[in-house]
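Q: Here are the chains, one letter per residue:
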Amino acid sequence: MSSRLKLALLGTLALLQIGVTASSILKYESTLRTGVLYRIPTMPIDPADPFRGRYVAVRPAITMRNPIAPETIDVLERMQNGEKGYVVLASDDTGFARAAAVVREPPPQGDYLEIAHAWPEWEESRQPNTPSTRVGFTLLFSFDRYYMNDAAAPQAQQRAAEAARTRNESRTWLAVRVRNGVGVIEGLFVDGVPIEQSR
Amino acid sequence: MRREVAWLHAELPDLIARGVLTPETADALKRHYGTSDRSAAAGWGQVLLASFGALLVGGGIILILAHNWEDLGRPARAAIAIGVLVLAQALTAFAVARRPASVPWTEAASGFLVASVGAAIALVGQTYHVGGTLEGLLQAWLWLVVAVPYITGSSLASILTWALLLVRVFNMSWRDVPIDPWLVAAAALPFVVVRVRRDPRSWRTALTAIAAAIGIFSVGTVIASNGWHGLWAIFDVSLLAAIVGAAAWPPDRDAIEQWRRRLLVPAWLGLIAVGTILTFDDVWRTVTVDERTGAQAAVMISAIVAVLCAAFASVVAIRLARAGRLAAATAAAAAPLVVVLHAFSMLDVQLPGWIAFNLWLLAFGVVTLAGGVRAAALGTANLGLLALGALIVARFFDTDLSFLARGLVFVAFGVGCLAVNVWMMRQARRTA
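Residue numbers (my numbering), protein chains in the order written: chain A, 175 to 373; chain B, 18 to 449.
These are calculated hints, taken from the structure and not from any lab test.
There may be inaccurate statements among the hints.
Distance ranges between label pairs, derived from CB positions [claimed, not checked]:
| no. | chain 1 | residue 1 | chain 2 | residue 2 | range |
| --- | --- | --- | --- | --- | --- |
| 1 | A | G361 | B | L66 | 43 to 49 Å |
| 2 | A | L181 | B | P217 | 24 to 30 Å |
| 3 | A | A182 | B | L66 | 29 to 35 Å |
| 4 | B | I294 | A | A235 | 52 to 58 Å |
| 5 | A | A182 | B | D269 | 40 to 46 Å |
| 6 | A | S176 | B | P267 | 31 to 37 Å |
| 7 | B | D197 | A | G284 | 55 to 61 Å |
| 8 | A | D248 | B | L376 | 54 to 60 Å |
Covered by chain A, per the in silico footprint, the following chain B stretches (three or more residues, Cβ under 8 Å) [claimed, not checked]:
| no. | segment |
| --- | --- |
| 9 | 74-84 |
| 10 | 95-105 |
| 11 | 112-118 |
| 12 | 152-162 |
Far from chain B by the CB rule (all over 10 Å, computed), these chain A residues [said to hold, decoys possible]:
| no. | residue |
| --- | --- |
| 13 | E203 |
| 14 | N240 |
| 15 | P281 |
| 16 | Q283 |
| 17 | A292 |
| 18 | S306 |
| 19 | R333 |
Predicted, not measured: the structure shown is a model, and the values here were computed from it.
Ideal placement from N, C-alpha and C gives every residue a C-beta, glycine not left out.
So that you can see chain A by itself, here it is in the shape it has in the complex:
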């Protein structure tokens, strides 16, 4: 292989490597700048990734309670067999995100996110030998990590856990910007205070 050809191939590979990195940056940056802000309740724990560092593992979830429309149940049940599903977002009276609709294809308009998992919620019967009843679904999303400073993450996680234990009304949520099906985490809050400041 001649030196020129090698350089041409290296140039192509370099553009691809920069392109993948830069397109990710642009996609997330534009979502953060122009996306609509939603608050999604979550529960943090604190593990580490060997390459990306320490993070607070979050489990942002939107719960759908009965009654649920039959076509929505159909989509959510199909998701148990590996099919895809999307949730159209709206805000409830308290300012938290709620599911306005669940659909099989990405909607042409509105703020929506792909659902990573949809778990059925069951309520055990108080009567013996009576089966449990499905009372709704919990929708989970692909953004499940909030990266933090090496030293700050364990402290922040401890504070969040303490707050949840000592105050029943304590709430932890993610501020997520949503645009064209892309959701980017803007911040993690414990009782309205950014987790970085709750140390």
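Given chain A, work out where chain B should sit, using these hints.
A: Same frame as chain A, but now just chain B:
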């Protein structure tokens, strides 16, 4: 090897003077076997230091960024991610354009590029809190660096690719076995084949071949363990037997290429380990057929690779047996044996499986020991003893013999091992 080449270089002037060789033939021999001087040793050290340095710098950057500096804003982080990547690309371009003959430059720059791609992806993921598992990160990383060895000719980049693939398969989702580890392996393997053909005697080729063998072994074993009971055994035995066959080639003489010699012993040891596992009847009882058998594409690829390896090992086994190299032939013959016995087990006939592998391990041990004693090769004789020892230890666990009987067998075998070693060392001293 360098000692033999140095001897040859010293002999050449005499051979030319006596008219045994023409000066042209002597030059051709020099070119063929390469240099033997100290510069080669110095080059080896330089390459190692440069590669190690590049890896430490790349790995260090990843760790420093993983600390997650709170004071750095998003634009600064984006600039660092792209900046480190561009720096590594520029260094690699410089090495390719201006230092194409410098192995330390090429290896170090390519290794740094592979690490920088990972650092850039990781930093973007960290900055924007991108979810997803380590599997997803490694998947993107692998596809962005798999072409680097082809462009730069770097063995380090190839070894790092196989190492990343190894980490990738051990972080794989088990629900749906992905096909991409096999695709990455298929994309990375031709570089190893080209290296083996072009530079069969270099230690860099040997390391690259070992990394590729470990990578393929891991990909196949992990994927084959999912959804097809017992396929891992066919894959492992067939691949290891094929490696023994390739390393023992050509049948009429001992291998002189580094990569063949370096691969042979690990493959031999792997075969003894897997062969010993297959002497237990429980392993064969787990071979069953259900609706998941062969339902996943990645698992089917493992099965196809295993069958191709078994076919190659069968042909090599016949050629080696005809050439009188019985130990290598017996090792390679394990591949067709495991395929046939697995087929029986799938038909609910499990008894022949563990009986045959007990006999195979016994035959393998005896033939290897005898071959080692005959050729006065202490290493080979010990491999034979290891196979026999593994068989005895395995039967220790599942026989109803008394502790006294088992203890006596252990002592007798241990004394036999020591006696063979002492006798062979004395023979070697006498002939020296």
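Q: With reference to the structure, classify each hint as holding or not holding.
A: Each hint, compared with the structure:
1. A:G361 with B:L66: 43 to 49 Å: Holds, since G361 of chain A and L66 of chain B (Cβ atoms, about 45 Å apart) stay within the stated range.
2. A:L181 with B:P217: 24 to 30 Å: This hint holds: roughly 28 Å between Cβ atoms.
3. A:A182 with B:L66: 29 to 35 Å: For A182 of chain A and L66 of chain B the Cβ distance comes to about 31 Å; the hint holds.
4. B:I294 with A:A235: 52 to 58 Å: With a Cβ separation near 44 Å, I294 of chain B and A235 of chain A fall outside 52 to 58 Å, so the hint is violated.
5. A:A182 with B:D269: 40 to 46 Å: 45 Å, holds
6. A:S176 with B:P267: 31 to 37 Å: Given about 34 Å between the Cβ atoms, the range holds.
7. B:D197 with A:G284: 55 to 61 Å: Given range 55 to 61 Å: violated, Cβ gap about 33 Å.
8. A:D248 with B:L376: 54 to 60 Å: 58 Å, holds
9. 74-84: holds (count 4)
10. 95-105: With 5 residues in contact (Cβ-Cβ under 8 Å with chain A), the coverage given for the segment 95-105 of chain B holds.
11. 112-118: holds (count 3)
12. 152-162: holds (count 3)
13. E203: Per Cβ check, E203 of chain A is inside 10 Å of chain B; nearest 7 Å; violated.
14. N240: 28 Å, holds
15. P281: Fine: 22 Å to the nearest Cβ keeps P281 of chain A off the interface.
16. Q283: For Q283 of chain A, whose nearest Cβ neighbour in chain B is about 24 Å away, the distance exceeds 10 Å, so it holds.
17. A292: Correct as stated: the minimum Cβ-Cβ distance to chain B is 15 Å, above 10 Å.
18. S306: 24 Å, holds
19. R333: R333 of chain A is indeed farther than 10 Å from all Cβ atoms of chain B, at 16 Å.
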